[in-house]
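Student: So you can see what is in the structure, the chains are spelled out below.
Number of protein chains: 2
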Amino acid sequence: GVPGGPGFPGQVQDPMYQYFVAIAGQDGQIDCEELQRCLTQAGLSGGYKPFNLETCRLMIAMLDRDLSGKMGFNEFKELGGVINGWKQHFITFDSDRSGTIDGMELQRALATMGFRLGPQTLNNITKRYSNHGRITFDDYIAICVKLRALTDSFRRRDAAHQGMVTFQYDDFVQCVMSI
Amino acid sequence: GVPGGPGFPGQVQDPMYQYFVAIAGQDGQIDCEELQRCLTQAGLSGGYKPFNLETCRLMIAMLDRDLSGKMGFNEFKELGGVINGWKQHFITFDSDRSGTIDGMELQRALATMGFRLGPQTLNNITKRYSNHGRITFDDYIAICVKLRALTDSFRRRDAAHQGMVTFQYDDFVQCVMSI
Numbered sequence: 001g002v003p004g005g006p007g008f009p010g011q012v013q014d015p016m017y018q019y020f021v022a023i024a025g026q027d028g029q030i031d032c033e034e035l036q037r038c039l040t041q042a043g044l045s046g047g048y049k050p051f052n053l054e055t056c057r058l059m060i061a062m063l064d065r066d067l068s069g070k071m072g073f074n075e076f077k078e079l080g081g082v083i084n085g086w087k088q089h090f091i092t093f094d095s096d097r098s099g100t101i102d103g104m105e106l107q108r109a110l111a112t113m114g115f116r117l118g119p120q121t122l123n124n125i126t127k128r129y130s131n132h133g134r135i136t137f138d139d140y141i142a143i144c145v146k147l148r149a150l151t152d153s154f155r156r157r158d159a160a161h162q163g164m165v166t167f168q169y170d171d172f173v174q175c176v177m178s179i
Numbered sequence: 001g002v003p004g005g006p007g008f009p010g011q012v013q014d015p016m017y018q019y020f021v022a023i024a025g026q027d028g029q030i031d032c033e034e035l036q037r038c039l040t041q042a043g044l045s046g047g048y049k050p051f052n053l054e055t056c057r058l059m060i061a062m063l064d065r066d067l068s069g070k071m072g073f074n075e076f077k078e079l080g081g082v083i084n085g086w087k088q089h090f091i092t093f094d095s096d097r098s099g100t101i102d103g104m105e106l107q108r109a110l111a112t113m114g115f116r117l118g119p120q121t122l123n124n125i126t127k128r129y130s131n132h133g134r135i136t137f138d139d140y141i142a143i144c145v146k147l148r149a150l151t152d153s154f155r156r157r158d159a160a161h162q163g164m165v166t167f168q169y170d171d172f173v174q175c176v177m178s179i
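Chains A and B are the protein sequences, given in the same order.
Quick note: the first sequence, position 156, residue 156 per this note's numbering, numbers continuous.
Quick note: the second sequence, position 96, residue 96 per this note's numbering, numbers continuous.
Here chain A stands alone, though its shape is the one from the complex (with noise of 0.2 Å):
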């Protein structure tokens, strides 16, 4: 017999599947609370505290590209993938694993992920997503998370690679509050 059901032929030995379908039940989709027990069951919260809620949800909405609120299992492998690329990264500048950087960290470890932002803008990022001037991994993911789908949008409407879009008011609020 083949184990997990029909339907998927190929993944049923992936062990995220695994953890995805036992959560997921019917439907085959996710939504943030299940998310985050499927992050943590899977191991890519890291060692580290769940996510919280507000991180999963912006998760969902970077790859939601139906409009669901919800993320199947191709999104969540996905994501698997592009969350433990950035885990990697920031257990690199988690020297001594406390589960935080610090705002220098912070800029190396964007700036090694290709993110060009100047020093008031890092600024800013640091001052918004830091606690007593710590960043958690949460937080962390949460900047990637944002600045990741933030830069998508921009790029797609920025057609003639200029570095600059002329947003219509309704147009801004859209791109910006849909992450």
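Hints were generated in silico from the structure; no laboratory data involved.
One or more hints might be untrue.
Identical chains blur together in the list; that is why a pair holds if it fits in one copy or across any two.
Heads up, simulated EDC-like pairs for lysine to aspartate or glutamate below, C-alpha to C-alpha not over 16 Å straight-line [claimed, not checked]:
1. 77 x 102
2. 127 x 66
3. 49 x 170
4. 77 x 34
Values in this document were obtained by computation on a predicted structure and should not be read as measured data.
Add chain B to chain A, keeping to what the hints say.
Tutor: Coordinates of chain B only, in the frame set by chain A:
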């Protein structure tokens, strides 16, 4: 004697000041965790649960003109007035006092507050900030804080009042990630 100590003439009778000063302590500033306690003790979470920390961070970011990540008493008082206005609005639409409203009620609430947004934008906001189709008071306040701050940022850049703004990538990220 003057209760509350010197240095704040005219404010010592203000009940908001008592909540604030008890939590702020020596430096006269509160961070997001202290704001969460202040708002709960001042009854501003409206009989619902305390605001979550992410919402409290948003509130500080909205009013944090010196980018200290903290809030003084005058900003706290300003915030209190703003939240009270939004709370009255929310209660009007939360007819069964469940602490949640639905997407249609959100759309009417935002329209009566003067936000002019298209149906797709309203739909995206509802998807992003609801759980099982319901929007909590906490999420509602997060939406209001973000919309107000983003609209202010947009207007500051739209000097000619044309309803459109051209953003450089770095300025776009700075504007959006600060909220």
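Student: Looking at the structure, which of the earlier hints fail to hold?
Tutor: 1, 3
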